[in-house]
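Participant: Read off the chains here:
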Amino acid sequence: MANPCAVIGVGQTEYRTKRLDVSIAGLVREAALRALEDADLTFGDIDAVVIGKAPDLFEGVMMPEAYLADALGARGKPVMRVHTAGSVGGSTALVAAGLIQGGVHDRVLVVAYEKQSESNATWALSTHPPMTASLVVGAGGYFAPHIRSYIRRSGAPDHIGTLVAVKDRVNALRNPYAHLKIEGISREMVEMTPMLWEPLRYLETCPSSDGAAAMVLASESAARGVNRPAWVHGAAMRSEPIFFAGRDTVNPQAGKDCAADVYGQAGITDPRRELDCAEVYVPFSWYEPMWLENLGFCGEGEGWKLTEQGATAFEGDIPWNPSGGVLSSNPIGASGLIRFAEAAQQVRGLAGDCQVEGARRALGHAYGGGAQFYAMWVVGTEKP
Amino acid sequence: MSSSAPNHALEFPGGYTRSVGPVIGRFLTELRDGRLVGVRTASGRVVVPPTEYDPEDGSAVTGEFVEVGPDCTVESWSWVPRPRRSHPLQRPFAWALIRPDGADTALLHALDLGVFEEGAKPPRELRTGMRVRPKWRSERSGGIGDIECFRPDIAMINDSRRTEYHLPPGRALERFLEGIAEGRFLGHRCGVCGKVYVPLKGLCPVDGVPTTEEVEVRDTGTVTTFAVNNIPDPRAPEVPFVSAYILLDGSDLAMLALVAGVPADQVRMGMRVRAEWRPREEWGATMANIKWFAPLDEPDVPFAAIKDHL
Amino acid sequence: MNTAVVAFVQSAHTGEDTGLSETELLAPVIAEVKQKSGVSRFGFTCSGSCDYLAGAPFSFVAALDAVGAWPPISESHVEMDAAWALYEAWVRLQHGDIDTALVYGFGKSSQGDLREIMTLQLDPYYLAPLGPDQVSLAALQARAYLESSGAEEDDLLAVAARSRAAGRANPYALDLPDPDPTVGYEVAPLRPYDVAPITDGAAAIVLAAGDRARELCERPAWIRGIDHRSDAHQLGARDLTRSESAALAAARVGVGDVEVAELHAQFSHEELILRAALGLPDGVVVNPSGGPLAANPVMATGLIRIGEAAARIHDGSATRTLAHATSGPCLQQNLVCVMEAE
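Which chain is which? The protein sequence lines are A, B and C, in order.
Quick note on full-length UniProt numbering: the first sequence kicks off at 1 and runs consecutively.
Quick note on full-length UniProt numbering: the second sequence kicks off at 1 and runs consecutively.
Quick note on full-length UniProt numbering: the third sequence kicks off at 1 and runs consecutively.
No wet-lab data here; the hints were simulated from the structure.
Where hints are given, some of them may not hold.
[As the list claims (entries may be wrong)] Straight line, CA to CA, 30 Å or less: simulated DSS-like cross-link-like pairs of lysine-lysine:
#, chain 1, residue 1, chain 2, residue 2
1, A, 256, B, 195
2, B, 307, A, 256
3, B, 307, B, 291
4, C, 36, B, 307
5, B, 135, B, 121
6, B, 121, B, 195
7, B, 307, B, 195
8, B, 135, A, 305
9, A, 18, A, 181
10, A, 305, A, 256
11, A, 181, A, 383
12, A, 305, A, 383
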């Protein structure tokens, strides 16, 4: 089976609407150098670099790994670029971990970023070839109908989305890197904001951020003697086609299969009880109850009850997104990696004010495309 | 690429807004003032154009900026007998790697050797080792283009981008749009699973096999689910507008389309709709033949009948 | 984990748009590689493609329709030549829990202006705003190489002539005439025949590990070593006359006595630089398929090199072969894969 893999360094930038103080390389280096500093390493110690980001159209730089190789000290080293839509941050982490698990390298630097302020995400995402037969209107326009289906199917009351929007923004107040920090955030405040794509209100959607995140991953020998590594207990990716007859878009099979795979590897049978917290890709409020069901934290149709009961709050029995999540910071290509990194920080006991007390096992999750691409890992304090 | 006008372009309106950070920013600022600077690396070399890092090993550079040039040496060159529209000079010129005196690395720029006929051979004086200087623009704005080009000693002389394409619709979409041009919705039935896909794809995404059996379905269908959009879109008549998944009668896959002719707050899951076609004389091989889907005067379909299409 | 190429399929590449979408170009290739390998469900799937080539974001989403990703599959994508997708799949097979992988790549250079699209991959501050195209930069490297090596333009002509002749004998490559040495420069010192042609195409490979490879293929092409390395991006910060990263990858892989080498040389001089970097003796047969100078479906070209080098082992005409793939301007990134019969 695969070799053990540890997270030994994590670095994040401050997430902002516009990081006008740095170039693209400057942004990426900020995260990379912080991760190296955390691991007490330099570029010279790194065997390989894996870079992830969402579509190149965002910054108008095609295959930017070529240009970024110099900035990441990668001369003479292997450099790879992963792109799997919104799940890319998670997939990038898994490709990097795969290099360790496959016994190819001992220390891998993984970096993901997005500098959305260089253009406009809606433009980049809505650039369709001519003659397309279908009408798709931005990410919110794509996901809102499926949220409506969830509400209809589960019978969830209307205010559940609002609860998630508030909870994640309250969590963000404790996170020094978070983009949206809304003092006094409340249900009333969320409900006063305009309906963008009914049933989604403005404050129920993620922001558009500039930012980068990085991790240093290490083999068992390279992690020896390292201060507080996080160990990978399970890692998996799954994909399914975007449109096909009989597809369950609310509770996609690929997400269920991916979760079953990571839990199987980690020996988890009851995720709500056996995990201490989860960093899950929730770009629109309602995806928390939807993913609670998809990831097996409860039965189908029951997710909204966990949210309503406060089970996923910072003080709840299974905190979801103690960092504030994608709803509080969303440099698209990095958002998945941030989930994976925050999960690692929790089990390393290095999550600062976002630390869930005694966290020893955590889930990192990312999804993308038409809720069709999934990447997940379970990390833990103990070496597996 | 074919010589006709392109039918598709990627061009972010107004151009990408690139923040440059402190090192590139310093270089560009000096450039605007007519000076060429490099940055010193930890190992003592001078990198031009300066980056935040030493391209050798990625280590951070020192904060020391060094004025270099204006005398420079050509380290390598290529000759462009027929410049492209995107090139900085519209007559034959050279691309050159140019190392300013005092620098350890070279920068890429255009080298102007005077007036030549299109297709001209490289001039004899163009050679590696040749000494050149920058030609500054009189109006400078802080970009690499503040140097109009380089030119030989003594003798003489924002990031907008657009990529154009000719994208074919593909055989399947072309066939589907042929049907639409005749007012018909065409689908394919998969030979393995028997499901009908409209628009036809030519393959079944589940079974991964080609499909060929053509099926015509009606222009009526059922709204499975929808969003009410309050953000304007050029394809929609007004705000709010409804984008809905519509399961055409006889199809097994709902397609996303506009629903109108009914107030947005009266659209329902299970609502029956029909395509609202533009006048026949305006039809072409395009989805624009259909303005939107409008409600039919029929009872709603029960939720149980659509729940497997969500 | 011992891993081998057990099946390779490519499209009949074309020099012009035939009206097919990328997915339509790919679908028959996937169907054929499944049939040829006898495998329809894979432990891992990985692809390489480029949004800017396709003219829209997420080019890999529609392509997934050609794979039959149901029930859901374990799958990933690199925005690089599919040779790097094969590398990712090879790494995944090293974990030891799966024994097959599907890799594919596709690209249609006919849809846009490839030379200018490739400009978009340059440093966005100092290089891309100047608008240097791919051929101009390659010519810059050619000049540096010719001057340092003493090679002549006739040596480039010889590479082009041999590649085109080989391509005419390859049913999948383009049918290009013998180069005309009197034709003018495209960008001096490169003439049109020194430049890989605009090509549309797709390719797929099936990898298998251990005994599974022996079951699926009579003569598996065992991957004895695979490695890739990057040079600096800034052209002025590296020695253009050599390919340090290709040499480094080759040293790590261990080239040995290869009989055939398939090189991802998109310009004539790149073959000469790569021969030196990889330390290939004169007796090695280079690009018997015609190589990229005879067919260059961008994003699949590197993967095809691996497929062609493996095919020489499958058909018994060679026992040890080398494949090379590149990415980035002027051979910035280089991948080397050495394969061998049992």
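Participant: If a hint holds in the structure, say so; if it doesn't, say that too.
Facilitator: Comparing the hints with the structure gives:
At most 30 Å may separate the alpha-carbon atoms for a hinted pair to count; residue 256 of chain A and residue 195 of chain B meet this at roughly 24 Å. Distance check on the hinted pair: residue 307 of chain B and residue 256 of chain A sit about 19 Å apart at the alpha-carbon level, within 30 Å; holds. Taken as a hint, the residue 307 of chain B and residue 291 of chain B pair is honoured in the structure, with Cα atoms around 27 Å apart against an allowance of 30 Å. Straight-line distance between C-alpha atoms of residue 36 of chain C and residue 307 of chain B comes to about 40 Å, which puts the hinted pair past the 30 Å bound.
Between the alpha carbons of residue 135 of chain B and residue 121 of chain B the distance comes to roughly 23 Å, so the proposed pair stays at or under 30 Å and holds. Our distance criterion of 30 Å between C-alpha atoms is broken by residue 121 of chain B and residue 195 of chain B, whose separation comes to about 62 Å. For the proposed pair residue 307 of chain B and residue 195 of chain B, the alpha carbon gap of about 17 Å is at most 30 Å, so the pair holds. Under the criterion of a C-alpha separation no larger than 30 Å, the hint pairing residue 135 of chain B with residue 305 of chain A is inconsistent with the structure, at around 70 Å.
Annotation: proposed proximity of residue 18 of chain A to residue 181 of chain A holds, straight-line Cα distance about 15 Å (limit 30 Å). Only pairs whose Cα atoms come within 30 Å are accepted, and residue 305 of chain A paired with residue 256 of chain A is accepted, the gap being roughly 19 Å. Taking the CA atoms of residue 181 of chain A and residue 383 of chain A, the gap is near 36 Å; set against the 30 Å cutoff, the hint is violated. A C-alpha spacing of about 34 Å is found between residue 305 of chain A and residue 383 of chain A, which places the hinted pair above 30 Å, so the restraint is violated.
The structure does not agree with the numbered hints 4, 6, 8, 11, 12 stated previously, though it agrees with the rest.
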